[in-house]
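Novice: Residue numbers (the numbering used here), protein chains in the order written: chain A, 1 to 337; chain B, 1 to 297.
Simulated from the structure, these hints should not be mistaken for lab results.
Some hints here could point you the wrong way.
[Unchecked claim] To give an idea of the interface, some chain B residues facing chain A are shown, with a C-beta separation under 8 angstroms as derived from the structure:
| no. | residue |
| --- | --- |
| 1 | H75 |
| 2 | V76 |
| 3 | N139 |
| 4 | T140 |
| 5 | G243 |
| 6 | G244 |
| 7 | R245 |
| 8 | N247 |
| 9 | F258 |
| 10 | A259 |
| 11 | S260 |
| 12 | F261 |
Just so you know, even glycine gets a beta-carbon here, dropped at the ideal spot from N, CA and C.
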Amino acid sequence: MKRLLAAIFAMSIAVPAHAQEKLVVSIWGGSWRDLVADTVAKKFTRETGVPVDFITGGTIDRLNKAKLAKDNPESDITFTTSHVGWLYIDSGLFDKLEMSKIPNAKNLVDEARLSPYHLGAWAYVYTIGYRTDLIKDINFKSWNDLWNPELKGKIAAPDFDPSHLIVVSAILSGGDAEHWQKGEAKLKELKPNFKAFYTDDANSQQLLASGETPVQDVLSMNAYYMVGQGVPVTVTIPNEGGVLGVDSVAIMSGSKKTDIAYKFINTLYDPEIQANIAQQKKGSPVVRNAKLDADLAKLPGVFTSPAEWKRQIIIDPKLRAEKLPEWRKWFSENIMN
Amino acid sequence: MAVTSGPNELIDPTGRRQPLLRIFITPAAICAMIYVGAMMMILQFSVREFIPGSLIPGGLTLANFTALLKPLYGHVFLNTLWICFLTASTTLIVGYPLAYALVHVRHPLMKSAILIIVITPLFLGEVVRTYSWIIVFGNTGFINSILMGLSLVEQPVQFMFTTFAVVVALVHVTIPIMVIMLATALAHVDRSYVKAAESLGARPIRAFLTITLPLSLPGIIAGFTTAFAWTFSAFATPQLIGGGRVNMVSNLVYQLGFASFNFPFAASLCLTALILTVAVLALLRIAVRPIEKIGPY
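Bound conformation, chain B alone:
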């Protein structure tokens, strides 16, 4: 928090003058204003009537929200939450050992290799990454070719257009974020605690479970929450891997907004999805509060 002291400078909570702070926060403030403006536009579209054959919405209505009460939309919202949960959980399970290795491996080359493997997906576009999974999961793809080549199956196994394939591809997209957040948390765990435990006879697994894991809980919670929220807005991956059979909220927004020109209904979906995300993350925060307290102690 900062307080104003004069026309061009701010004072931070420790009482020090920060003459450049106002200049530094200006770009963020401008971005925030644009973002709020865009959100206001979505809000006003969501309560306007859709007129078929026209791009200009009609008068005020709540029909866009009452239409969301259809079971189909509830199913898509629940499916989205389920996919987010699966993706965040799997990313955590796969990402934790990678982050642990990244922090604890001493050989610089090995450390660099892990870092490159982890962050490479960030340098590829989401569509490119998704297409690579189509090549892996397709009927004539990498996995089915091996399975059929080894005569383990007679017909290709159906991976494409399934929740499993969508989650695997989303984990690939999400893992760099998770590993970076976990590695940051693990790097802050004081190793002398672990050494103290080991010197008192604790085996490595016990030392990990009683010291490293609890102390890295803030990173686990932050990583899980970020992965969950990040996945909620996934579009290209469920669109291409799901093939219209595995739909998330963003796909529905695209189908109804962009392909049907029904922007008011798409806006109501966006707004509901945003409220749902905030609500779920708040619930998650409340649920993990008791666990989070373990960390500092």
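Extracted from the complex, chain A is given alone in its bound form:
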């Protein structure tokens, strides 16, 4: 019996310490979870022997859970939008990052260096997507084309985040995100053209696929997914630029696995992994050394040069986190109701 116990003890100490633990990653469900599982997590586990577990949920659900769990976080790593990342930071939920532990991050584009606590993971744009078979006479060279009276009752926009259209209206009216009120009157003029407001990615895709709303302020990745499904959708970036979106990654404050968490983030910035993510989601890699296929690189919303990044409309994530409630309330009161 003693021999048996000794053997079990010997076996347990022979297994590398990190092989016994798991890295827990908090992320949105569905295709986002699958994306990270199939790319970053697979390579990370292959190289370290550490399995990755996922906890999934909506952006705000996960934020609330993290807030409740505060000093004993359920996850070691969290993916969220860049502006909601600031709400995590303000609540003390993210660790300050030691960039020396993420050597691959030296290739990050400036737009992905969000804060000392969170970094960009991949990028996309909110821009104009439309059904080519249903909208034939408008080519959307400018965001102003959304105001075309022929589009009465044809447009959809997200109901969860009106930032894009509020900032676009402000820019078209001589303002910017900080002075968004300049665009209020213009955005009210767009009201007759709205037909519906979508609640999530699936709802956006369904409205586009059915032709119910043939024009959308749409997430470029969603529009490309519909193209892949055979729906005749064109994604176009107006002259003023698309509204840049950067999803972010961070290490949770209180995580007891920070060393392997850094390795995970470093794997995320491996140029091959970034190229793979861009290929799967038709989004932008956030490292300069990712090599993309020519066909992918020329898609609107996939940026491969600093000039392309700079041409987009960038809303400061911290400002966006602060302004979103005000924007959301204004949009609900003046446009949706």
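Position chain B relative to chain A; hints supplied.
Specialist: Showing chain B alone in chain A's frame:
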């Protein structure tokens, strides 16, 4: 009502000892305490100041309630009440014949078929049920395909994002509850009264209107009240079918609480909605009291 007789047992109103009653009510008591705790949290959030860019509310304020005085919010509350009324009324009209058939059909297979049709919606998630209505109501959906196929219309009829479509989908969601409540009430109507009326020369319609209908009034009132309250908290159906154009209170709570992080204002909306629901149901109760008395007599 029960009274305590000792440390581990209760005595019911008839004087019988109920040694297990305390154990049986413990889970419900725990749930009630958690519920009250959650309500207290909502109450304290509703009187706290919202700080943009922060999840932590500030000091005490009544600003969240004064902001509700804007016409927009009054419009959404009235719209919610109107949709609840339409849904409860339509569910009653559609559900009563179904419940009547369920109770009176004698053939077991037919009875089972009605029961399955009635309760099947309960086994589907609300989102799945709602998406099925999107397929029916869409521009290229079932109804428009038929209308256009028969050349009855040239352009698709706009059903989606209308109050009509939201109410139809809500009726589908609510009908199982209504039918079950009505069927229970109808099953308790003594059939010998109807037979007595018929033997005295009353036609079936007269017997139904003067005996079955009045005696089933408690079920009608309970079903209507439940459907009304049930619909008040509807979220997924108005969210997806309404497409942001038909908003109910719960959608506003989502828009302002979850999408804007303004939890204090969302909490004040929740609390106002709860008070409004209780007030409307109390008014409904008072309004139907004279009718309810018809039942027992």
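Novice: Hint by hint, note whether the structure agrees.
Specialist: Hint check results:
no., hint, result
1, H75, "holds, 7 angstroms"
2, V76, "holds, 7 angstroms"
3, N139, "holds, 5 angstroms"
4, T140, "holds, 6 angstroms"
5, G243, "holds, 3 angstroms"
6, G244, "holds, 3 angstroms"
7, R245, "holds, 6 angstroms"
8, N247, "holds, 6 angstroms"
9, F258, "holds, 5 angstroms"
10, A259, "holds, 4 angstroms"
11, S260, "holds, 4 angstroms"
12, F261, "holds, 6 angstroms"
No hint from the list above goes unmet by this structure.
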